[in-house]
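Starting from the known structure of chain A, arrange chain B with the ligand on it as the hints suggest.
Line by line, the protein sequences are chains A and B. With the first letter of the first sequence counted as 1, position 39 gets the number 39 in the working numbering; the numbers rise by one all the way through. With the first letter of the second sequence counted as 1, position 106 gets the number 106 in the working numbering; the numbers rise by one all the way through.
Fair warning: there could be bad hints in the mix.
Interface residues of chain B toward chain A, partial, derived using beta-carbon atoms under 10 Å [what the hints assert, rightly or not]:
| no. | residue |
| --- | --- |
| 1 | K41 |
| 2 | I55 |
| 3 | G89 |
| 4 | L95 |
| 5 | K99 |
| 6 | S100 |
| 7 | G106 |
| 8 | L327 |
| 9 | P331 |
| 10 | L333 |
Where chain B lies over chain A, by a calculated footprint (3+ residues, C-beta under 8 Å) [unchecked claim]:
| no. | region |
| --- | --- |
| 11 | 34-45 |
| 12 | 109-120 |
| 13 | 222-234 |
These aren't lab readings, by the way, just hints derived from the structure by calculation. Values in this document were obtained by computation on a predicted structure and should not be read as measured data. Here a beta-carbon is modelled for each residue, glycine too, at the ideal position from N, C-alpha and C.
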Amino acid sequence: MLILAVDSATQVAGVALAGRDRVVCEEFVNFKRNHSEILLPKIDRVMKDSQCDWSQIAALAVTTGPGSFTGLRIGMATVKGLSLATGLPIAAISTLDVLAHNVVRSPALVAAMLDARREEVYFSCYDVQDRFPRMLLPMKACPPQQAGREILDLIGATGREQVILLGDGATSYHDYFTDILGQYLIPVSPHVMLPRAAALASLAWEALDKGQLDNSLTVKPIYLRLSEAEYRLQKGVS
Amino acid sequence: MNDINILGIETSCDETAAAIVKNGQEILSNIVQSQISLHQKFGGVVPEVASRKHIETITAVTQEAFARAALTYQDIDAVAVTHRPGLIGALLVGLSFAKSLAYALGKPIIAVNHLHGHIYANFLENPGIAFPCVCLVVSGGHTSLLYMPSHHEYHLIGETRDDAAGEAFDKVARFLGLAYPGGPSVEKAALQGQPGLYKLPRIFLDRDDFEFSFSGLKTAVMNLWRKLEKSGEADVNNMAAEFQAALVEVLAEKTLHAAKKFQVKTVLLAGGVAANSLLRSTIAEKAQVQGMQVFYPSLSLCTDNAAMIAGRAYVQYMRRDFAGLDLNAYPGLLSL
Ligand SMILES: [Zn+2]
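Just chain A, with the same shape it has in the complex (with noise of 0.2 Å):
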């Protein structure tokens, strides 16, 4: 059985259909952010690349958020529609647990971090000793500097000597990060630093088989931040 997991929350959209311990096919691009016209005809050439048929799929996947509001919804919204025909349960996964997937089995800390635009980042940590990261802070929308400060108090309280930064919020702040991090900072190569939807399929079937899954109904963006309006009304600006 095979998970065709799908994921356009940021500037990568991606598709990857991959068995338990096999990953079959993937499509990744990170261009401009057309997303609506080309993942359907990804998600097509991917199963018919590998001639696939709704019958071998056990499970969909999709990245949650955060990410881009519109990008992230066009994934979603997707999926809920192949959900939806095909009766096949979602499993649901956030953005920077894919990304921190990307590092596996490293003492490294390992810091997943998105461009938010407005001078923040989408942010959490994560710990890769297992075969899956376990996340060690609640997400965020934070400036990159809190960031930062975050970072270095889970070197202090973890003793690592290591860290990863994977995402394109690390990319934007590359320089800032550098002179903070130092000689904690491990580089790494550009494969690994954004989402990829082969590492979605494979926290997909953890999800599967911890039975955590969705489906087009009950399935959730995570945005992180409020809408502007919404923001503004809270804080009694008009």
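Then chain B with the ligand, alone, in the frame of chain A:
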């Protein structure tokens, strides 16, 4: 020939809607989840808030459409979806959902222009409407006049240069302290008041074209209201009545003028503002004098719904006018 059942999905603004229509005529189900209460506290539709609500409710609304129609997913012949115009983030929720649903069911996708949907609402209830027609589409997002020689041809002959008519209703309602949405609340207040006691301009009425402008009317309301408040004569109901009369007069005159110029015998009204009873009766009276027939959808089909999308899609289905998996959404009215 077999019956053709089409599922329609509509998320272009603040209604999450799904409907199933048989043969472009028979509404088997028509589910509309309105977000009005959600946007009320902002005084208008907030795009990001709308998109968030759409993704939350799209599945339930679609399931409900199938349940009410007593059909299974395989019983439909195509999935139709609004792909323009509208709020881009909102459109993309319905579009992405509809495309993947159709794909996994192995059914064709039909891309429907929201305005064509509004106009088609008339054909849902009156299949025998004779072409050519002139159509006035008036809503919170649009004020457009179209010349329609057949089911497949739409020529835009004029539209608003600034605010849409529904937008003008909303803005004036907000200014006068009336509830959102402004269309129904202004109409209700106007019933208690009298037009003509205050004098508002009929903008562009004297010009020989089909363009509209409502932002000047809105400003005139504000200026006059402030004066009246100073002299202690301000009456909300009379102001609502005069505003509605001014707006309706312009819409009606331009529409009838277009009908005469294009020598049509049929006038169609469509869109949320077509629910306004003064607009309906004014155009109907004027058209009767000219020997023209006027159609407007029943109230529930005037405002945004997916039955009009599924209905319109039937015309496209018969011509095998299907979209690809790469179908995208667009905010603008392009390619009428
Ligand atoms: Zn509309």
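How the hints compare with the structure:
1. K41: holds, 7 Å
2. I55: holds, 5 Å
3. G89: Since chain A brings a Cβ to about 5 Å from G89 of chain B, closer than 10 Å, the hint holds.
4. L95: holds, 6 Å
5. K99: holds, 5 Å
6. S100: holds, 3 Å
7. G106: holds, 9 Å
8. L327: Holds, about 8 Å.
9. P331: With Cβ-Cβ at 12 Å, over 10 Å, it is violated.
10. L333: At about 19 Å, which exceeds the 10 Å cut-off, the nearest Cβ of chain A leaves the hint on L333 of chain B violated.
11. 34-45: holds (count 9)
12. 109-120: violated (count 0)
13. 222-234: As far as the region 222-234 of chain A goes, the hint holds, because 6 residues have Cβ atoms under 8 Å from chain B.
Going through the hint list in order, the structure does not satisfy hints 9, 10 and 12.
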